[in-house]
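Produce the entire structure from the sequences given, and follow the hints as far as they go.
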Amino acid sequence: MISLLTVLIPLTWAFLIPLIHIFRKTWLKRAILLFGIAVFFVTISAAISGWKQSALSFLGGWPAELGIVLIVDKLSAAFLFLSAIGGGAAFLASYGRLKEGPWRYYVIFFLLQASMNGVLITGDIFNLYVFYEVFSLAAYLLVAFTISWQAIEAGLKYLVLGTIGAFFILLGIAYIFMATGSLNMAVLSLVLPHIPNEALTVIAASLLIGLFIKIGAFPVHFWLPDAHSSAQTAVSALLSGVVVKVSIYTLLRLSLLLFLETKPAVFTVITVVGTLSVLGGHLMALRQEDIKRLLAYSTVAQIGYVLIGVGTGMAAGISAAFFHAINHMFMKVGLFIAAGHIAEDMKTRNIYDLRGLYHHRRWFVIVFSLLTAAIVGIHPLGGFMSKWYLMLAATKAGNVIPALALAFGTVISAFYYMRVLSFFYSSGDPPPRQTYPYWNLAIAGACALCCVFLGIVPLVPSLWKLVSDIGLNAVDTAEYISTMLSK
Amino acid sequence: MSALFYSFVCFFLILTALVASEIKDILSAVISLSVFSVLLAIAFVALQAPDVALTQAVISSGLITSLFLVAYSQTQKEGRRENDEE
Amino acid sequence: MSKSCFLRIVTFLLCLALGWQFWKGILALEPTQIIIGPAAHYIESAAEETGATNIVAAILFDYRALDTLGEASVIYTSVCGIAMLFAKSKFKISSTGLSFIVKRGVSFIIPFLLLYAAGIVLMGHISPGGGFQGGAVFATATILFCIVYGSGFEAVMIKPKTKELIESSGALMFVLIGFVGLWTGAGFLANIAAGYPKGEVGRFLSGGSIPLLNIAVGMKVSAGLSTIFYSMIKLLEFEVTKHPGVKNK
Amino acid sequence: MTIITLSHGTAIILFCIGLYTIISKRNLFKTVIGLSLMESSVLLLIVAAGFVQGGRPPILPIEGIAVNPLPHAFTLTAIVIGASDLALALAFVIKLHQRYKTVDLDKIRGLRG
Amino acid sequence: MEILKFSFVFDKLSLSMAMLALFMAISISIFSLDYVEKKQAKERRFFVLSPWMFCVFSCMALFSGDWFFFGVFLEMSSIMLFFMILPLNFRTALYYLLTQLSGSLLVFVGAAIMIAERGSAAMGPVPPHLLWLFLSGLGIKTALLGLHFWLPKVHSEAPTPTSALLSGFSVKLGIYGLIRLASLPATDVLMVLGPSMALYGIIQAISQHDAKRLLAYHTISQLGYIVTAIGTGTALGIVAGVYHTVAHALFKGLLFLCIGSIEKAYGTRDLSLWGHGTARAFPVTFAFFLVGALAISGFPGMSGFASKAMIKASLKENSFYTVVWILQAANVGTVLSFCKLSYYGFFFKGDVVRKAPHYNPLLSYKKRIFQNTGMALLAFMTIFLGICPQLLPNFMGMNFGNFFETEALLSAIIPIFTGGILFIVFKKTLTPGKHKIYDLDFLLIKLYGILTLCPTIVAKIHTGKLRQYTIHVIIAALVIFFFLART
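Residue numbers (the numbering used here), protein chains in the order written: chain A, 1 to 487; chain B, 488 to 573; chain C, 574 to 822; chain D, 823 to 935; chain E, 936 to 1422.
Certain hints may be false.
If you want a taste of the chain A side facing chain E, the calculated C-beta under 10 Å gives, among others [to be verified]:
#: 1; residue: Glu198
#: 2; residue: Ala205
#: 3; residue: Val273
#: 4; residue: Ala397
#: 5; residue: Ser422
It is worth saying that the hints were derived from the structure and are not from the lab. Only a predicted model underlies this, so the values are computations on that prediction, with no experimental measurement involved. Cβ coordinates follow ideal geometry from the N, Cα and C atoms, glycine included.
Take a look at the structure:
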């Protein structure tokens, strides 16, 4: 029951805000803050209840074959936890920046959060598509929220490519429906092995290409750098940290449930695309001068790392992929908020103009360099640990080239991140006026601390058991099917 | 008999789609798009799907075409900076 | 000219190749005559389980009601988004509408159009139709007003604030109807199991919560689509600002 | 059998035309037209998937066998989602025209590299 | 996905190396007490403390029980050195970090594959097919022939205590790894690499006119000695290698400290600007320099002589006579270049009296107690090991009797005499002129040009045109279709 609330509470908030705006305008400021915090706690409690025992809720009382079933097992509980924290951090950053600003921004923000939770917990493939569309539409609008020419252009490109991706996914779902007639994921994973091979190829290919466009993997990532760099600070943090992870969750859930036995070639495709993303993302980031664009290309590369973990198709690979996803979420949310704030404060995004920032924004640069050390993969911080377990999983699955690409990527990322830091620490020109915002620094600092904490997780047996449970639970689809179809 | 009628509908569907994509003037492209939507509604009726036909007729050929025309008029209002070659 | 037409041919061949791949998939799936999957169950037992004769409405508003909730939030997002995009442009009365004869003629048609829209919404669970189609027809009625009578007239009649009110209250109604099912413990958006009166199949007052959901969706869609239309035809005096934080190189 | 395969064939041809329009045309409106063509083709594909030869519409007093009602529900949702996508695309087109004063796609290249 | 368990390995080898690390840290921190003036208190505190941090990390690396933790602490020590080079110039520090990072990452990939195959990456011989990974990884650390491009640039541009520590101990960590690795296929490779390194180092060293760069190339040649010793593969060879490592660390550290303190006084490293009465100006430093020079050329009574004698003995034992002759030739070259360094560096009056840019005589006479004590410690240890050479072999459990018998003495003194005579003959040609010497890193700058080519190629496809992006989507879709249809 609690898992259903994670979708419904933010949805009702989104519908309530216009009414509050019309009748009780003064309550708006406090109401929005209250709503944001309520959504955070509901999602966290759903994640915890789903973690203990996979919670099931049948919509309208109909069993799995007839109606829609929402299921929260360990994998979706983990990603719910990730989206709750990322969403909460982005909400605080945007609330600090906009106060109650344009109230429509918060309507779309809560709709995005509702549909994100919907994607994470739904067990029905068409319902997944519908929530995915709500989620993408809200993302296009949040990108275009600042109504500057870059934001609108990035929004248009994101919309056209995202819609083409959505059509490919819809075609895949149409073919699945034609072949099997039913839409519940558990029923599908039982029925799918018996359909002819060409149909399975078409289904796998169209779903894969659609999801790769949505995730922003290398060959089809072109919208991601524009969208993440020209969006507002909190929105780009939300996009890079959380929105990308939910698309990766969809790819993970679909490929595990539908294609684990029937078409293992899907996982080699994911690994190849992951390696391409790592190399492409890092090479492109080398040439960037705009700091937010550099971080966006670094997101493309980190997506590549997670895809390499997913591409192994084994329990070790998936838990390593999740561990890297949550690491990357903390790093990217912190980095984008810090970089976005510095860019807005200094009225420029070019690295060369941000020279000598250390002398008058000392704490920001310290937090930024701590996060950079984490994302490059210096030992005691989380980034290194997740990269090590990704390397372990990739070599165990036998693909050595991705492991080498991982190592090569780390060196290149060390190069361009250190270049950015060299500009920060060099002797610079006199500082413009100093607006000392405590909330952005607080959020970025909190993310940096989480990175340090995540570095210790593999050393603590009980915490590490949590992470490796995710992989084990995700891979044995039989348990998922039995819980879904049991009642 | 209905198969013959349906093949006519499909042929005209493809024809109007090609016209909508190839024609130079935007206004006539939008008009052919709305004709395309109406034909699609007819095809849905032939496929025994009255609900879908009604929705398609009202939303795609009704509202979306009007939004197209609104957008087209907005871009025409200030005149164009330089002629948009095809 | 040859280079661009060469490029065109190449791209057309690429699209055809993609189409060929999808066509191979279809050839592999020979369509069976009997209906497989849950649809067979829907056709036999839709009447006694939901009380609605229109099975598509039964599926939309009872068996897979969360899809419709998702769909309603899609419209809600795009309406709210477009209103946000055009929020800063001011609304100026521009056109004076069409000639006198058209105005008189349309004023004669409008009541029938509204009646027709109400019919589609209310009879959604019996005959083909439903919240979405009815709401859209109602929105076309408002657009007809604007074209025929000039944008000034219509704006005076229904202020944007009331449209927002109708839209969000329709959406809230949808969710509240769903909560009743949750409250009675029969799962969110439950119909007959949550105690809604099934009534006599085929009659006007039948189908449990489906007519209520139809009305809610009808309100939401009509208000939403007319808001989209009205925010788009605003006069765009407002020049797009530069990105607040970016030095335009 | 012919109606289903015929409509599937038309749907795929329409999908190719839609994609071709998006790629080859420079005008932004043609891109949006291409998007709506692709959307309509997917609708046709789904509805035709549920068609049963000699079936009747799924309104309960059915004489004879009924057509599969499930794709009709999906198509309804898909139409509404496609419509809101197109509405948003058109809104972006208007806003972009305000800034770039042109709807030629190759001139809208502010963000690259 | 087992949890990270830290396992220790204590044996003679790692204990002796740890003692060496401790001793080096003591002497260098004492030296740097005086190296940095009193007024830069913060920098002085940093330079005194950082050798200890480096010593802690390298001891952890020496005692770690499996390749993963060895790589981790290797990386931590190179990051520590990165921070030590940072105050002088950032580019060299970044250059050093990137090379060492790629080295340790290759070790990580090797360890990951080893864990995938054998279940555990225990420290010790490595499966043969992984050898190329481990050798190249450790090769970057120990500047093996092909991978030595970074050593001269970094050692010459680092501040004096850092370069002493760098060539003193950080290279030895790689040697320790090679010793652990010494199984059959590896030793043949090392046997080929060793002598060629020795010769190449000497050829480059003779033609240098920059003092520190000359010493850096000598490090490469001495490493050649050690690698040859390990290459024999016998127990005697390994003990000889360890002995020469300890000796080399001591006298090379001493040489770097002397040259560094003179360079600090003169402000330049160019030999042509040195030499008018430096010996009289820095009597104590010159004395320590003499001790180091004699040790490196293997003068009997110094530690260099004892270790080289052991190496020659171990080579003769396995009848590698040609290798002995190559090492003798390299020894001649060493003597030659050190005569050049001492003559032109300390005594040469030269017809044109060229003043160093900012030579302040005041500094030479100031009493520098700590600097001298640091150098004295190293000099005392070199002489002590030279006088009673049995100390280290007995500790390592190998009693090697004939250190001072005539045959070994003769084979040590002949190269010294030949070197001296050769220097007197070729004195004119060896004057440190302005000619340019080509080395591998000149090749690197060309390579860097090619490396920056591929980001520009990748950037070409980001044209910003939406139509191009859609074409890429379709091509990617077709490729995925063909790939999935094939399997």
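Hint-by-hint comparison with the structure:
1. A distance limit of 10 Å between C-beta atoms decides the matter here; for glutamate 198 of chain A the minimum to chain E is near 7 Å, and the interface restraint holds.
2. Checking alanine 205 of chain A against chain E by beta carbon gives a least distance of about 5 Å; that is within 10 Å, so the hint holds.
3. At a threshold of 10 Å, the smallest CB-CB gap from valine 273 of chain A to chain E is about 8 Å, leaving the interface hint in force.
4. Interface restraint check: alanine 397 of chain A against chain E, minimum CB-CB distance 8 Å, threshold 10 Å, status holds.
5. Among the interface hints, the one on serine 422 of chain A holds; its C-beta lies about 5 Å from the nearest C-beta in chain E, closer than the 10 Å criterion.
Violation of the numbered hints given earlier is absent; every hint is satisfied by the structure.
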